[in-house]
Structures are given as C-alpha cells and as structure tokens.
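K.L.:
One letter stands for each residue in the lines below.
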Amino acid sequence: MESVAYISKLVYLIILVLGSEIVFCQAQENKPKRPVDVDFMFNYYEQEGNHSPVTGGIGTEALTNTENVTIVHIPVDSAGKLDITHSINFYTTASTDRIDTRISSASRNDIHWQVGVNYEKEKPEKSCALSLSASASTESDYLSSSLGVGYKKWSKDRNNFFSAGFKAYFDTWILIFPQELRPVALADAPTDKRRSYILDLSYTRVLTKRIQGSFFIEPVYQTGMLATPFHRVFFADTNLVRIEKLPTSRFKLPMGVRFNSFIGNSLILRLYSRYYWDDFGIVASTSSIEPVFKLSSSLSVYPFYRYHIQSATKYFAPYQTHSLTESYYTSDYDLSAINGHKVGLGIQFSPVLIKKTVESKSQRRALRSMALRYSQYYRSDGLSFWMISAGLSFSF
Amino acid sequence: MKIVKQVLLVITMSSLLFSACTAVKPYEKAFINDEEMGLNPRKEEIFEINSETYREGASGGMGSKAGGGCGCY
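Protein chains in written order, with our numbering: chain A, 1 to 396; chain B, 1 to 73.
Worth flagging that the hints you see were computed from the coordinates, not collected in a lab. Certain hints may be false.
What the hints assert, rightly or not - No farther apart than 30 Å at their CA atoms in a straight line, the calculated lysine-lysine pairs in the DSSO-like style are these:
#	chain 1	residue 1	chain 2	residue 2
1	A	153	B	43
2	A	156	A	126
3	B	25	A	152
4	A	126	B	25
Computed from a predicted structure; not experimentally measured.
With these hints in hand, go ahead and build the complete structure from the sequences.
P.N.:
Now the structure itself:
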C-alpha cells in the first residue's frame, strides 16, 4: 500500500514538474509548437470456461470486462516527450464470487485502475534516447507499482536500432483466502509481496527496401507470493482442501523475432514468432500472421491468426489428483498443457487531410486515426473469449 | 544446458538472418516508413496481449507487462 502511494505521488510530481517545463519551454520558443497527441481506446471482453482455479479446476470462469484507456503524448521542448497513461476497467466474474460461497452467480464486481508516465529525451547528435517511467495500479486485492529506465541507440542511416529497458514491479497482495480456509491458509502464504524484474533487449534492422525485422529477448525474474491466495487445490483420496502453493521464485525467458514485409503495392505481411522457457517447467511457442490489405493510402483491413502451444508446469494437476506428498501444487489451467487459436479482423483508418482549423492557422485540431478490431480466442481446455476494441487518435 | 543451447541457436540464426542485408538509403524507405510496417504491436492490441498474458502461463515478449496486476480473475 505504501509503495503504491509513494509511486502515485511520484507520478503526479513528474507530471507537475514536466508540465511546468512544457509551459516554460513553449513560452520561450518561437518554433512552431509540436502537437499534443491523444489516444482514446475502449475494449469489451467476454469469457467462458469451466476450469476455474478458484474452485480447484472445476466451475465456471464466466467473466466480462470493460476497459477505457487514455494516453496523452505531450512534447517537451524540441527533443523530449511525456506520455501519460490512464486506464480503468470494470469487471464481473463468476469465479472469484466463489471465494466466499460455493454457489453463487456472476456478480462479483471489481475495478482495476492504473496510471503511468513515461518521459523520453532524444539526443539527436548522439543518435540515442533515454527514458524513465513509473506506474501505479490498484484493484481490490492487489496493489502494484513500477519504475523503469530505457535506452535506445540507432545508426546514422537509421537502418539499425538497439534498445534496452529495465523495469521493476513492486506488488502487494491483500491476502484473501477461501472462506473455509481462513485463517489456517495464512501458513501457506510465504509473504504478501511479489517482485518482478524485467530486462527487455531488442535489435531492429531494415533488411531491404521492403523488409524489416527485429529480434528480442526479455528475461524476467520474479520473487515472493507467486501463487494466488484464493485458488483452491483438492487432493486425491481425501477431502482436504488447500490454497495453491508455488515456489517463491521464477525465471522466465521469452525470445523471438518479428518480420514485416511490403509485397507489391497494397499488401503488407506481418509475422511474429516467439519461443518461451521458464523454470516452472513450461516450454511454449507462439506464432502469428497478419496480412494487411491497403485499400487506399488511408484505409487498411487486416485479418489475423495467432497460435500458441505450451507444456504444463510440473506443479499442475487437475481437480482431486494432487498428492499430499507434493511440495507445490496448482489446478490453474492457465499453467497446464494447452494450445490456443486466435482469429480476428481489424480495420485502420488514418485520414491524411481531415483537419479542422481553429483559432489560428498554426493551431490545428486533427483526427489522426480510427481503429476497430474484433478477435475470438479458443483454448484446448474449453476456455474461450471474444473482445472488441476501438481506438481514436487526435492531435491538438 | 539444453536451454542454453536453444538460446544460442536462436541468437545465431537471427544473427545470420539479420546480417544478410544491404544498406537502405533514406530516400528508398517509402515502403519501410509506411505506418503499417511498424514492428511494435498495434495500440489496440494491448487488450489482447493483457488477456493472453493472464490466460497463458507463458507470458512475456509481447511488449506487455510481465508483472504488475495479478490477473487473478
């Protein structure tokens, strides 16, 4: 709680200081003002499934979620920019409703709120940029804050880009146990803290006049309470119930490549492939393909398909199959051997000339882009979800 | 040891692939600079990335959060 309050104060302090700098710099400079860009995004999500970990790997996973995100990109002097992100989502879930009672309905409501800032300063003479970021988020049982730093370097011909980033998350659980396990489950919770340290390295290269690609590797180290305190586990040949128990550290290693190529004059092929390994025993592979059809210079339509396959963690077993002799156990199907298919369709409209002059010629308000995207996901254990997302971007 | 070999294999193959290219001049980047050619995920994709992060145990490497927010619903 203290760390979130501290980070929240830090976020507002950064906004205040940089906001003052923006006003000062814009008053000092005679150069044309760079516009402030604003992105508004909306998402609706609906999920169905019958392997809720709250009820030990059985039971409904019905869920709806509505999310709004606003991102403001503010130019700071001639080489800096400040991005402020605010998001809020409202969800109802049938599974967490069963923390307290076994039979209920999809009535459990919660709000997840998040705010973040990112400040980036370019040094054109050195072909590099530095960035700092901070964020804070809250929901009823989980508080999170983060601090990050980033570095980008590019070649003078801008054919090669290297970026490195480091981010640390400081999360705190408000430990809520299943009703029938209070307060004895406290002994199975090693701590209420979770820490995540993420190193993000990527190298991007323009390969030909029509192809560019990137390679990335993103090692993650997590410590603390990695299990979820209200996930139940039922054991074989006994009526005993316990909360999920997982090791207190985890190392993840995702890495992959992206390739985009322009074919002819109106087709772009976007490819993505990722390999994943972690010390919980999960090995995974994910690939996606997205052909973009450019119907005009401002209108694009793109279907997409994504395939994911993973092995199970060594700590997973279904409902009532775990043995009491095991040190760690979970019945969360998110950690089981699964494969998932996602299909969808998106449309992107980026008008070039829709600009409305207001007040003066130098101050223009413009719609930069509109986007709509629908996707449907099917997982091999029966879980499925669909969502629709929309986005509007303006310059002021 | 197996994972070290796999990591080295991916890095070596990527290096070979990325070295097989020519320098492209700024005036030859009309296709490369197209908005749809960006290598980052689309802005609206962030919602899907978050859901996949929660619903698949193998998270990370999608430009999304790999920590922060429990996704425990």
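K.L.:
If a hint holds in the structure, say so; if it does not, say that too.
P.N.:
Status of the hints after comparison with the structure:
1. Restraint check for residue 153(A) and residue 43(B): the C-alpha separation of about 23 Å stays at or below 30 Å, so the hint holds.
2. Among the hinted pairs, residue 156(A) with residue 126(A) is consistent with the structure: their alpha-carbon atoms are about 9 Å apart, no more than 30 Å.
3. Simply put, residue 25(B) and residue 152(A) have alpha-carbon atoms about 21 Å apart, close enough for the 30 Å limit, and the pair holds.
4. A distance of roughly 20 Å separates the Cα atoms of residue 126(A) and residue 25(B); the hinted pair therefore holds under the 30 Å criterion.
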